[in-house]
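Colleague: Quick mapping for you: the protein sequence lines, in order, are chains X and P. Residues in the first sequence are numbered from 1 upward in steps of one, following full-length UniProt numbering. Residues in the second sequence are numbered from 1 upward in steps of one, following full-length UniProt numbering.
Read the hints as simulated data drawn from the structure, not as lab findings. The reader is advised that the hints may include incorrect statements.
Unchecked claim - Just the calculated beta-carbon pair ranges, DEER-fashion: (1) X:V137 - P:R13: 56 to 62 Å; (2) X:D113 - P:Y20: 38 to 44 Å; (3) P:E57 - X:E149: 33 to 39 Å; (4) X:E158 - P:P14: 24 to 30 Å; (5) X:Q172 - P:K92: 18 to 24 Å; (6) P:G34 - X:G10: 57 to 63 Å; (7) X:G90 - P:G34: 42 to 48 Å; (8) P:G34 - X:H177: 39 to 45 Å; (9) P:T181 - X:D113: 52 to 58 Å; (10) P:L119 - X:Q138: 38 to 44 Å; (11) X:E149 - P:A132: 34 to 40 Å.
What the hints assert, rightly or not - Far from chain P by the CB rule (all over 10 Å, computed), these chain X residues: (12) L49; (13) S76; (14) N78; (15) F98; (16) K104; (17) R122; (18) K130; (19) V137; (20) E149; (21) H177.
Backbone N, C-alpha and C fix where the C-beta goes; we use that ideal spot for every residue, glycine too.
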Amino acid sequence: RQPLSSCVAGERLCSTEEATAGSGTYTRHGFIFSSLAGCLERKNEDNELPVVSVVRDSESQLLPNVGAVVTCKVCSINSRFAKVHILYVGSTPLKSTFRGTIRKEDIRATEKDKVEVYKSFRPSDIVLAKVISLGDVQSNYLLSTAENELGVVVARSEAGVQMVPISWCEMQCPRTHTKEFRKVARVQPQFLQT
Amino acid sequence: GLLVTKCGLLRHRPGGGGAYWVDSQQKRYVPVKGDHVIGIVTAKAGDVFRLDVGGSEPASLSYLAFEGATKRNRPNVQVGDLIYGQFVVANKDMEPEMVCIDSSGRSSGMGIIGQDGFLFKVSLGLIRKLLAPKCEIIQELSQLYPFELVLGMNGRIWVKAKTVQQTLIIVNILEACEYMTAEQRKQALAKLSGN
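Just chain X, with the same shape it has in the complex:
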């Protein structure tokens, strides 16, 4: 590696004939530009061209990719969709939360027309979902829970107590024994901690 030097976003680093673009950079018109303000890193490979990347805070920001399973918290619901805050990507926590949307038709795989958002999620539920689209500049990540392993993992009842799942669509409060509807995730037994 060469000694670190700093660069700003938009700075032209070198041409694509001298190096390949790594993380934090993009290529335009045959040149590599930086997309972040941070430290320039150049890794020399033996057989191929060196890889040029720009790094901030010596930790690369983990962005959810399409197909990644994320853990999110529901912040508001609507009759058409649920808005969530994405907290974890896989098992790594995010420093700043991203916003996601789960549309009504992406909540379940079967019987999509009969889904009611109020019977699947409630505000402050913790939900496992999969990213299906990164969205545009203005829209949020688009998420889906249309699998058995995806859905609500932690939910509080109206009495404020954490509920126990009893089927794929119902959870029960251990104190008041009232049942509430949720789209429950079937978590693999090895991930459950008792």
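Given the coordinates of chain X, work out where chain P should sit on it, guided by the hints.
Modeller: Frame of chain X, contents of chain P only:
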């Protein structure tokens, strides 16, 4: 066990499994599914009207939720109109939704309330008293003047009589019924029908 969350008179109905409820002089309305309410149209947003029902959020009413409404035949609703409808969705997490048709598609008295008349607000307890079957207040008032009356569970009452003066008299009596005893009410009505 059951805990009381509001102050007022505790009532009990022993029949059919029993029920306890608390009668209180509450004026603030919380939308409940199935309640019939009077809403004021505040905005038209695309396919949906926004109604003020006195709750924490405005309710939404689709233009197709009227009897005989189709995509071509839209109901003639303007901002400021009064609508009598019922809630189909009303919970603490979502915006309430109203319709002006019942489950079979008939209007059954719901829809746009006509021109003129007078809309005023009373406590929710008085509305429940007026909606009880064979309510004395309504019977006594109907012997005074003929009038049209719409009661909304959100504490709103709409009255229309033949003249403005008669309308205002009925409004004043209904507002005073909150605090008058039956005797005082009969005396007031006797004085009015004497005049």
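Colleague: Determine for every hint whether it applies to the structure shown.
Modeller: Status of the hints after comparison with the structure:
Separation of V137 (chain X) from R13 (chain P) is about 58 Å and conforms to the stated range, judged on CB atoms against 56 to 62 Å. Distance hint for D113 (chain X) and Y20 (chain P): a CB-CB separation of about 39 Å, consistent with the stated range 38 to 44 Å. The hinted window of 33 to 39 Å between E57 (chain P) and E149 (chain X) holds, with their beta carbons roughly 35 Å apart. The hint said 24 to 30 Å for the Cβ distance between E158 (chain X) and P14 (chain P), and at roughly 27 Å that hint holds.
The hinted window of 18 to 24 Å between Q172 (chain X) and K92 (chain P) holds, with their beta carbons roughly 20 Å apart. Checked against the hint of 57 to 63 Å, the C-beta distance between G34 (chain P) and G10 (chain X) comes to roughly 59 Å, which is consistent with it. At about 45 Å, the beta-carbon gap between G90 (chain X) and G34 (chain P) stays in the expected band of 42 to 48 Å. A beta carbon spacing of about 25 Å between G34 (chain P) and H177 (chain X) contradicts the range 39 to 45 Å that was offered as a hint.
Take T181 (chain P) and D113 (chain X): their Cβ atoms lie about 55 Å apart, and the range 52 to 58 Å holds. One distance hint, 38 to 44 Å for the beta-carbon pair L119 (chain P) and Q138 (chain X), holds here, with the actual separation near 41 Å. Taken as a hint, the range 34 to 40 Å is violated for the pair E149 (chain X) and A132 (chain P), whose Cβ atoms sit roughly 53 Å apart. With a least beta-carbon separation of about 54 Å from chain P, L49 (chain X) lies farther than 10 Å from that chain, consistent with its non-interface assignment.
The Cβ of S76 (chain X) sits about 8 Å from the closest Cβ of chain P, inside the 10 Å cut-off, so the non-interface label is violated. For N78 (chain X), the condition that its CB be more than 10 Å from all CB atoms of chain P is violated, with the nearest at approximately 7 Å. The claim that F98 (chain X) is not at the interface with chain P holds, since no C-beta of that chain comes within 10 Å of its own (minimum 22 Å). The beta carbon of K104 (chain X) is kept farther than 10 Å from every beta carbon of chain P, the shortest such distance being approximately 12 Å.
For R122 (chain X), the requirement that its beta carbon stay farther than 10 Å from each beta carbon of chain P is not met, with the minimum near 6 Å. Chain P leaves K130 (chain X) outside its interface by the beta-carbon criterion, the shortest separation being 24 Å against a cut-off of 10 Å. With 10 Å as the threshold on Cβ separation, the claim that V137 (chain X) sits away from chain P holds: the shortest Cβ distance comes to roughly 24 Å. With a closest Cβ-Cβ approach of about 25 Å to chain P, E149 (chain X) is found to remain outside the 10 Å limit, as its non-interface label requires.
Distance to chain P confirms H177 (chain X) as a non-interface residue, since its nearest Cβ pair spans about 13 Å, more than 10 Å.
Checked against the numbered hints above, the structure violates hints 8, 11, 13, 14, 17; every other hint is satisfied.
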